[in-house]
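Using the sequences and the hints given, assemble the complete structure.
First to last, the protein sequences are chains A, B, C and D.
Numbers in the working numbering are just positions in the first sequence, counted from 1, shifted up by 4.
Numbers in the working numbering are just positions in the second sequence, counted from 1, shifted up by 4.
Numbers in the working numbering are just positions in the third sequence, counted from 1, shifted up by 4.
Numbers in the working numbering are just positions in the fourth sequence, counted from 1, shifted up by 4.
Because the hints were derived from the structure by calculation, they are not lab data.
Copies of the same chain look alike in the list, so a pair counts if it works inside one copy or between any two.
Straight line, CA to CA, 27 Å or less: simulated DSS-like cross-link-like pairs of lysine-lysine:
| # | residue 1 | residue 2 |
| --- | --- | --- |
| 1 | K333 | K323 |
| 2 | K412 | K213 |
| 3 | K213 | K47 |
| 4 | K412 | K323 |
| 5 | K341 | K294 |
Protein chains: 4
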Amino acid sequence: MQTVQIASLGQGSFASPIHQIGAVEAPFKSDSEDRILYANSLKGLHSPDEAMTFEEAGPRENLFFDPAKTTVGIVTCGGLCPGLNDIIRGIVNQCHRQYGITRVYGFRYGYEGLVQRYGHTPLILRPESVSQIHTFGGTILGSSRGQQPVAEMVDTLEDMNIDILFVIGGDGTLRGASALVEEISRRGLKKAVVGIPKTIDNDIMYLDKCFGFETAFAEAVNAVKCAYTEACGAVNGVGLLKLMGRDSGFIACFAALAGSNVDYVLIPEVPFTLEGTGGLLESLRYRLAKRGQAVIVVAEGAGQDLLQTDGGTDASGNKRYGDIGLFLKDQINAFFKSRRMEVNLKYIDPSYIVRSVPANAQDNVYCSRLAQAAVHAAMAGKTDMLVGRWHGAFIHLPLQMVTCGRRKVDPNSELWHAVLESTGQPARWG
Amino acid sequence: MQTVQIASLGQGSFASPIHQIGAVEAPFKSDSEDRILYANSLKGLHSPDEAMTFEEAGPRENLFFDPAKTTVGIVTCGGLCPGLNDIIRGIVNQCHRQYGITRVYGFRYGYEGLVQRYGHTPLILRPESVSQIHTFGGTILGSSRGQQPVAEMVDTLEDMNIDILFVIGGDGTLRGASALVEEISRRGLKKAVVGIPKTIDNDIMYLDKCFGFETAFAEAVNAVKCAYTEACGAVNGVGLLKLMGRDSGFIACFAALAGSNVDYVLIPEVPFTLEGTGGLLESLRYRLAKRGQAVIVVAEGAGQDLLQTDGGTDASGNKRYGDIGLFLKDQINAFFKSRRMEVNLKYIDPSYIVRSVPANAQDNVYCSRLAQAAVHAAMAGKTDMLVGRWHGAFIHLPLQMVTCGRRKVDPNSELWHAVLESTGQPARWG
Amino acid sequence: MQTVQIASLGQGSFASPIHQIGAVEAPFKSDSEDRILYANSLKGLHSPDEAMTFEEAGPRENLFFDPAKTTVGIVTCGGLCPGLNDIIRGIVNQCHRQYGITRVYGFRYGYEGLVQRYGHTPLILRPESVSQIHTFGGTILGSSRGQQPVAEMVDTLEDMNIDILFVIGGDGTLRGASALVEEISRRGLKKAVVGIPKTIDNDIMYLDKCFGFETAFAEAVNAVKCAYTEACGAVNGVGLLKLMGRDSGFIACFAALAGSNVDYVLIPEVPFTLEGTGGLLESLRYRLAKRGQAVIVVAEGAGQDLLQTDGGTDASGNKRYGDIGLFLKDQINAFFKSRRMEVNLKYIDPSYIVRSVPANAQDNVYCSRLAQAAVHAAMAGKTDMLVGRWHGAFIHLPLQMVTCGRRKVDPNSELWHAVLESTGQPARWG
Amino acid sequence: MQTVQIASLGQGSFASPIHQIGAVEAPFKSDSEDRILYANSLKGLHSPDEAMTFEEAGPRENLFFDPAKTTVGIVTCGGLCPGLNDIIRGIVNQCHRQYGITRVYGFRYGYEGLVQRYGHTPLILRPESVSQIHTFGGTILGSSRGQQPVAEMVDTLEDMNIDILFVIGGDGTLRGASALVEEISRRGLKKAVVGIPKTIDNDIMYLDKCFGFETAFAEAVNAVKCAYTEACGAVNGVGLLKLMGRDSGFIACFAALAGSNVDYVLIPEVPFTLEGTGGLLESLRYRLAKRGQAVIVVAEGAGQDLLQTDGGTDASGNKRYGDIGLFLKDQINAFFKSRRMEVNLKYIDPSYIVRSVPANAQDNVYCSRLAQAAVHAAMAGKTDMLVGRWHGAFIHLPLQMVTCGRRKVDPNSELWHAVLESTGQPARWG
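Written as structure tokens, this is what we have:
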């Protein structure tokens, strides 16, 4: 373990205008002194000299970029997630109001917007034009999946004199951002690339939570209620709900914990079996006999071993998953039909609803503060990095550190244990 | 045209306890004098002597049933619809608090609950046990589809001394209620059967609106917003939303009118074509070129002629429809693929969410008043009838009058014209 | 009784562009043939020849104004009400999209915006600029109370070549609109003035409902829930909620009916007494002893006879009312203190919250259609009138007919009877 | 600094039934090894041996109480706060389902319920009776303010054989809990008293957040939107909103950050002045001239030095504060009147609405997990302590440590700086 270093474009030589805010001491942070511990327990803290620590986010006293001459670009990539507009708005407001930066461009439709032959004209973003966008879901810039030619994108940054590019997206997008950094560096340019990680699955390493997650699971709770209502409305009613969660089942776990009317939570991290006396189907039969209804929440990435599909990959390079929801629906119906038992299964897939609602108040605040941190970092010349929150403090992380793995639900954690307590489902299947 | 008569069990000989409410004049209604006009325009009103009129609902001065000795049953049938619990609660409160009836039973799981060999024990319903049920969706009684043996059901009514049965359900359910009336009459019994029509599609003839419709289309509007957000979030984004509406497209029309971000509304009443220069696909291509995104709202019963399927019928006897939503999704994707154009279609089917949410304030009030009217009617000895609202007044209708047809969106009406104005879609396809 | 006539600027000589919408029969209405009955019952319908009927709203085949040369103004006056932005948006869309009118101005801050010396520059309104305003409460134009010099306002209409002025406001505002009509006529001008009545109290004569009312009472229901929660949370808890309703208690009645947890509804139409064995205070004492908590909903205009205040009038000319909410709070606290009984009264006044929320889906649709009707009427040359809905049909009404009285809750009506049933409060006080 | 010790009733000698949950390793925690660091930065971490650490919450392998013989009591005290019912429900479920404890009593109306002469019969709480209570605001047990005689309360605990008392309340309540512990100890009894801190102001030391805070500020955001809508709706419109926050302005800060339409946030921690060129009134005049409207959010404890009132204390011993909201309303109106400027101020006090709504999904989850932690702690024999969350981990804290101070908004923190950035208000007044 060791101190986590953040790449920098060079020494800051411009004074931060935040000095001017007045009598309150400007909360400037120092890269060397303001360090946030990775560990929050003594178990995780070995020798203090070897403690892993992160740079704390926040304004720096010296800026690398001259605010009067800085041009900023923003791009949103990948699938929709609540809070994208909040992030865009936060960056625009922070640039204009705190740093006096007046040229902020929004690239359209993800990385496509950085490739001129697509013909997507960038938007000029000003505080007035973004003042209410946080009340809408989605992204005013549009998005797209997949990588684009790095050289063409850096050409655009050069042509438009973009000094700072804020990249909002998931794993693949952030790997693309690293590629941009490499090409920028190869050309000897001084341009910062700062990421704001977006993953509705909440599966970024070293982060308390990803923006949009609070909104997403709250919206998912509404669908859980519907699944429960449907289950109660019929003899042997089963509400089957598929939620997001390709590799990590956080949304499923939190949605289940919030309402406590869920009987089974199936997540990618915990394999399950269908057949046999210890499988899901027999367990469900027993549960129905006992309670009269049941609610199953399944994360999209759960039980992929049962599906035996090879769907290839999508434009973002993500493996295409088989549809575990429809699979379970068919399996459950077939199981009960073969036993001549009536079952009334209602299948709900609210994914596009969950991801496209506006951010709630929690994410409004979180996104505002992430955006503020991102602008502070970029103006100080940080690059090849992203901003996040760890143990309540906003921090800087290198892009590579984050894209090399995913945060998952630990089957030995209290979170999963709380889910088992809440559902009463078996801890071990089969 | 003529005066619409309601069947009656006989002359009322018990005084209504509503006299006792105090100084305010009890708003008793007279079958002969309080008549609501079918026509609301001179066009619909031919000779005044021939005017079709309905009995106005409300308390009657003389009751057929002695409140002290009356036993009441309630049954909910068919698919879920917002407001079911409101109706149940309203009946229970009205029976207990206005008439002093203390024996109110809730039969479980639709008509199954009236057939003893299913073993569903009825619930005893009291004001305290139903005081908060209106804050939940679905029905606390459960429901089921399909008819059950009439003789067995009337046996149960006899065994339990049920004097009044309130039947909440759709077309098939109300036809079942008529069969009960016939058998009751054949046996020479004095039992009232009163319907409260339930159809989320809002397609009951001679009714302003059905309970649950206000909630359902409001909830559908949320899904329209998501479809629009998804459409805006991608290059050539298409949000395709399937809503309820087997034979009548009211939910689709109202959901589209509320938000005005919808480009196409496809309903059962207005056939459309896919192919050709005047078909949906070319129109969509043109719309995408012009606006960059499009939202399509399709009622589940629209375009069935395009599907060439024969899915048989469900347990309620309804024809099984092909899935127009998935069909359109495939057709649109194939069309653009064949033209080598990128299109990003997101398909949303929120049906189980729309129908399982709790009633909103509008339906809370409407259901309370429907329930009050139903109890007044039953206590006066009305039977083989249902309660509804027409031109703002609550009325009585014979069951047969309602189950012999459906209300539909008239393609020459202002409603459909307003939809055309709002969407800008072609008035004629092909 | 007689046929209700609407003032007209003259014979229509331009063909409606609605012909062009395509194959569907344009739903043109005829002033003489499409008439909506005032009566909906035989009781209200005396001789058919004498039946009072209203013009049905909708497009006219011949227009008075040439769409290519028409300039339109919109002004919003008086207090906020949900749906104002929907009306504005609906008018703008209808003008642009159906009639091809491209000059639509929004006057700022009520009638002040029509008086040039205030210096409020009108906004140019286009479909793009109003596309999302219905998602916000209030009015993008701003508002103000009170009348302004009529001559100066008509000068502005002349200077700006405004052909049609849409006036959205309450009683006082509509009387002001009549004054404009008079001055326009005196000057021999051909300008239409069309009102859309705004009153959150829902107290307009000859209208099913006013826009915003559905939203307002639904929002009020949320506050009722809070009052009930507070009442249950303490020994002898009393939730006291003041709602809008200067002269008519519709919001209070509907809010109480929706939730059914209200013990007392006090409205202007039904006087009540505080003291004595039959007064509110003793009744409350008894109710608390029986149930442990109570919720009181009081309309702002209720019990003004108890207050003995003379607060003068506000800028709109409305009599200033004493604060019945605070008065009741003090009286109740004093009553129980004098009897050495603990009471925990929580007073909630959500008025500004209720009136400033965005319109709900019901009002979204209703406002769209009202706006469409208003534009159709104005283009046909109708003036000195307003649009509304009666028994489900959209109609035209002369301004004077509406401003000469108010709709009130009839203490002998089923509505009030339903409230008495729901609350169990005494029908007669004192 | 040093290791924070928790009081214990003695050595645990019963095996936890959580062993039986199955194959997943039970996440037992050790008092000595599972320690959460107070510091999250190197700045806060001096020598590792002197690091202040907290016990981590969670199940213990050995229990002090025999689940088969344990009797549990729950009491809720003080003002309402979202999540109270979630906590009650969580404790009941955890006791029954995880530990097999079947005797759980709910004392009514705060500490009054522990004093027999009040005659409040405790409720027997079972999972079925609490299954849906989290969907309602308030507390099903009722609450009251103020202390009661300690000896009488411990008598009740003895008479009812209560082994564990869960006390949910604020500062005063928790001090009362300490008094109970003292008396229990004096009598040589073995009864655990475990607190769950309730403060809607989020002002508990050593806690990430208090339950209900997420819900409260989200609800406050709705009121901020209304204040903004009202401000925009009139010439020189001012929306003045009073929010909770006696000594700490967290709700005001978060509500302002979420929406970013707030011009001034006034909190207890940052004094402000009204008069003078650098005072609020002149600043407001300037802001109105520039923007046309303004929104002011004031915490109830702000500006108490300006009020010069002495209102004594309430039943909980809290100092009664003067009403800063009404004071500001009057001062602002007087200021502009004296300058003959029109101002349209709308004053909104949503406090009872904010505190009485049901918990949102965030607080649903948080409360469930707090309740689980509280039961684990109590069963292990912990007493005189409370459960909370620190840097993402659930922990134990001694009651005294928490009641001796309050968490406040630090004027030098990033949080307050973010508020200043968002509002643009002066950092220094006067």
